[in-house]
Amino acid sequence: MSKSVDLSQEGIEVKKSCCYFCHQNCGVLAYVKDDRVLAIEGDPSFPTNEGGLCCRGNIALKHLDHPARVNYPLKRVGKRGEGKWEQIPWDQALDEIAAKLAAIRDEFGAEAVATAGGTSRTDDWARRRFMNLFGSPNCFHNSHLCWIPTFMVETAIYGWCPFDLDMGSSRCLVLWGQNPGASSMPEMHHISGLQEKGLKVIVIDPRFTETAAKADLWLPLRPGSDLALALAWVNVIIHEGLYDMEFVTEYCEGFGELADHVEQFTPEWAAPLTWLTPEQIRESAYMYATSKPGNIQWGVAIDQLGKSAGAAMHARALLRALTGNLDCPGSDLLTGPSQDSITDEEMEANDTLPEEQKAKQIGADRFKLVTWPGYSKIAELAKKHWGKAPTAEWMCEAHPPSVFNAILTGEPYPVKALLVSATNPVNSYGQSKMTLEALRKVDFMVTCEYWMTPTAALSDYVLPIAGALERPTITNSYGCADFLLCSQRAIKPMYERRNDYNFWRDLGMRMGQEEMWPWETVEDAYHYRIEPLGYGVESYDEFVDLYRFHFPEREFYKYKRIGFGTPSGKVELYSSTLKELGYPPLPEYVGPAENELDDPELAKEYPLVLTTGNGFMPFHHSEHFQIKELRFLRHEPRVEINPATAAELGIAEDDWVWIETRRGRIKQKASLTHGVAPRVIVTERGWWFPERSMNEPELGGCLESNTNVLTSVADEHCDPMSGTWANRGLLCKVYKVNGADAKEGK
Amino acid sequence: MARYAMVFDTRRCIGCHSCTVACRTKNELPIDMIYNPVTTVGPTGVYPKLSMVHMPLICMHCDNPPCVDACPTCASQRRDDGIVFVEDKKCVGCLACVMACPYGARVKNHESGAVQKCDFCKDRVDEGLLPFCVLTCHQKARVFGDLDDETSEVYKLVNGERTVRLLAELGTEPYAFYIYG
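If you read the sequences in order, they're chains A and B. With the first letter of the first sequence counted as 1, position 667 gets the number 667 in the working numbering; the numbers rise by one all the way through. With the first letter of the second sequence counted as 1, position 23 gets the number 23 in the working numbering; the numbers rise by one all the way through.
One or more of the hints may lead you astray.
[As the list claims (entries may be wrong)] Some chain B residues judged to face chain A by a derived CB distance under 7 Å, without partners named:
#  : residue
1  : Thr10
2  : Cys16
3  : Ser18
4  : Ala22
5  : Ile31
6  : Met33
7  : Val46
8  : Tyr47
9  : Pro48
10 : Met52
11 : Met55
12 : Thr136
13 : Asn159
[Claimed, not checked] With a straight-line cut-off of 27 Å between C-alpha atoms, the simulated DSSO-like cross-links for lysine-lysine are:
#  : chain 1 : residue 1 : chain 2 : residue 2
14 : A       : Lys84     : A       : Lys100
15 : B       : Lys156    : A       : Lys628
16 : B       : Lys90     : A       : Lys628
17 : A       : Lys62     : A       : Lys628
18 : B       : Lys108    : B       : Lys122
19 : B       : Lys156    : A       : Lys200
20 : A       : Lys579    : A       : Lys604
21 : B       : Lys49     : A       : Lys197
22 : A       : Lys33     : A       : Lys492
23 : A       : Lys604    : A       : Lys441
24 : A       : Lys733    : A       : Lys433
25 : B       : Lys156    : A       : Lys15
26 : B       : Lys156    : A       : Lys197
27 : A       : Lys492    : A       : Lys62
28 : B       : Lys140    : A       : Lys200
29 : B       : Lys49     : A       : Lys669
30 : A       : Lys558    : A       : Lys377
31 : B       : Lys49     : A       : Lys733
32 : A       : Lys62     : B       : Lys108
33 : A       : Lys33     : B       : Lys108
34 : A       : Lys200    : B       : Lys49
35 : A       : Lys377    : A       : Lys358
36 : A       : Lys15     : B       : Lys122
37 : A       : Lys358    : A       : Lys100
38 : A       : Lys441    : A       : Lys100
39 : B       : Lys49     : A       : Lys62
40 : A       : Lys197    : B       : Lys140
In case anyone wonders, no lab produced these hints; they're calculated from the structure. Even for Gly, the Cβ is constructed at its ideal location relative to N, Cα and C.
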């Protein structure tokens with residue numbers, strides 16, 4: 001889009017690409033000539049972004065050929081983290097990695113090889129396919145903190161996760177711990193449009209966010225108290241007679257048990273726990289229950305509660321059922337998996353992983369819902385009901401902190417190799433000091449990356465990966481949507497970058513998996529996946545050129561025809577699936593991971609309440625700090641603190657302050673704002689400093705301002721169902737950085 | 001002849017800075033130059049009774065532009081369709097226009113020596129395309145069009161909603177209009 005580029009010149013092709021800088025995968029048009037992208041812009045015909053791009057999307061060309069990108073396979077030649085690399089050919093890298101993995105499998109078993117993933121911008125069905133064929137159950141992502149436990153709890157209760165919101169005719173939208181105004185621009189734009197037509201929006205968030213500022217009702221609850229609020233809403237909806245009697249009577253099991261169970265959870269009970277008034281709780285519950293149809297949008301906040309997360313997801317899920325806001329027009333839809341295309345799960349070859357290897361999955365003994373015990377049960381029910389199962393990669397994973405712990409302790413068995421793709425665990429996973437020690441200690445580490453991240457810097461091999469403009473993409477909500485949004489590669493990968501698909505395939509080809517990888521390119525694999533749609537296209541690219549999207553016809557009220565995909569065929573308010581897995585069939589109250597009521601002594605030392613990890617522009621997770629066109633918007637990490645609290649602590653705007661929990665301390669710069677309650681502290685996530693030395697011991701200052709130093713992965717802070725760890729509602733203290741310790745933390 | 005105008009709907013703007021970044025990328029601006037900053041005012045009030053508004057700012061493309069009057073070399077010009085622009089090769093970088101503009105919309109480009117500012121993406125507009133910031137705005141908080149065309153959205157907004165022109169009392173007749181809640 002540069003002024004100097006004439007886009008009407010001859011020979012320019014417009015390619016239908018997408019953006020990779022968050023999960024929305026906004027449609028992008030790329031103007032290409034001679035295999036070079038001259039300009040990009042938002043695709044006006046893409047159904048989600050309609051031509052819009054956020055600030056991240058707009059720097060795609062800066063990202064594509066940024067001088068700091070990793071463009072060639074690198075092999076470590078010095079000590080780990082010393083920053084000495086040799087550029088080697090891909091074939092050599094893959095040969096050596098395959099030989100090393102084979103040796104580890106021979107000596108320690110396939111389970112001694114684990115993979116760490118990040119956010120969705122990779123073909124992770126291919127990762128799972130490789131790992132299944134290799135024989136290891138130890139794949140993991142940060143998925144525990146992001147939707148996956150919600151998906152599994154809701155699927156246990158209704159037979160699928162109603163993540164597809166039919167908002168067109170909705171009258172009330174609940175944004176629970178989600179701030180689309182900073183994290184999901186296409187969604188925000190649709191919400192704003194619907195608000196003009198009368199949609200009511202309730203925002204539940206401790207922060208006065210971009211979205212809260214536009215809401216009809218803002219509920220600034222104590223960070224981490226979501227479970228108490230959800231239970232109180234259930235109480236009001238049942239005991240004040242707001243529930244949908246017909247839906248509950250005909251289609252739900254366990255209403256009586258639930259009604260008895262929640263009698264105790266009145267708004268008056270929840271008020272001191274949530275810091276809301278009983279009136280606020282009642283008013284909001286009435287608004288959702290009486291403005292029908294309505295939606296409850298998923299947000300990561302509940303996934304990140306730790307100990308109370310599973311029960312909170314369960315209680316929130318009950319609200320849709322009690323109000324009948326399921327699968328009817330304007331509500332949250334139970335679409336089921338794609339019936340017309342080959343799903344991610346069908347590409348994973350899950351049957352090839354032997355049962356005895358599944359049983360070795362780390363964490364499955366304690367956290368059963370998103371590991372093989374719970375996944376097998378739920379996948380079996382889904383197959384019976386829908387004919388297909390949810391994706392195993394994401395929904396069925398090793399417990400990440402437990403894998404890092406296995407690297408450090410050898411318990412329950414040694415983990416010797418970590419294959420890292422599209423993630424920087426030092427900054428993204430919980431309790432960073434422990435994670436960093438594990439990355440330093442693991443015998444063998446390979447990282448597939450765009451950049452030399454702190455994690456890449458500690459690796460034995462770093463492999464250059466193709467970005468959004470250099471690869472095709474299918475967007476389908478982690479393989480669980482019934483629709484497909486398809487994008488094509490604008491150009492061949494630059495330099496020696498490759499698709500992550502080719503990394504897993506080429507590794508598999510060297511390890512006796514040849515027969516299982518018939519698709520040479522990722523386009524070949526995608527063509528195989530879309531062929532059953534029946535468009536009669538010769539190639540994946542042709543599909544993108546001609547159609548680009550596939551939206552099956554929607555059928556509302558499917559449950560009237562086929563019931564729900566649960567053991568009873570009904571919505572199980574009293575969940576038999578959770579009960580069989582050994583969990584409470586009704587959501588029981590537990591307090592936030594750390595709180596002043598359960599642990600007053602701790603609260604004396606750490607009197608403030610911390611929430612971490614909210615999304616903010618212009619960064620995403622731990623990305624983009626190198627890109628000056630974005631960094632100018634936010635030079636340094638910021639912590640939000642109420643002016644009254646700051647005054648008590650002698651903190652002024654722009655002061656560097658320490659934020660400390662029992663796990664450690666970090667520093668960020670103070671932003672004084674009335675947008676948080678006096679006792680609430682909000683830190684930014686992801687921060688490291690690519691402008692600094694990337695070698696040991698500095699590693700880009702990866703602990704200095706990294707909010708995950710503060711989070712907790714202790715077993716007692718993890719959700720018993722899913723193992724999700726505690727990022728929200730922790731106790732902390734804040735104090736000014738003084739001259740003497742200004743340099744500490746590097 | 002058209003009379004171009006832009007309407008900013010602050011009810012929709014969420015302060016994401018997409019316009020700022022997109023504009024800089026399109027115009028290949030040095031890192032110290034911005035044509036269209038977005039200023040966030042707030043949260044104002046005392047917790048929990050708060051409000052917040054985001055104010056996108058650009059060149060107002062005044063009907064009575066003081067910058068054009070101030071320019072000694074006729075580099076600053078106003079087209080018949082209302083677009084105010086700088087003809088780079090005539091600009092000597094004297095900054096008279098920078099001092100004359102009451103909106104702070106002009107910046108000297110230290111690489112080229114010329115003063116520059118938003119020109120409503122006249123290269124795109126002349127091809128019938130929208131200014132790049134308007135295309136990229138997810139929130140559709142920016143509306144661009146011909147105020148002389150009664151069927152245009154800008155015409156409908158300017159004549160149908162309560163709009164505000166910044167520093168209207170100066171008589172500059174800006175063609176940027178703001179809608180508040």
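Checked against the structure, which of the hints given earlier come out wrong?
1, 6, 11, 13, 15, 16, 20, 23, 25, 33 and 39
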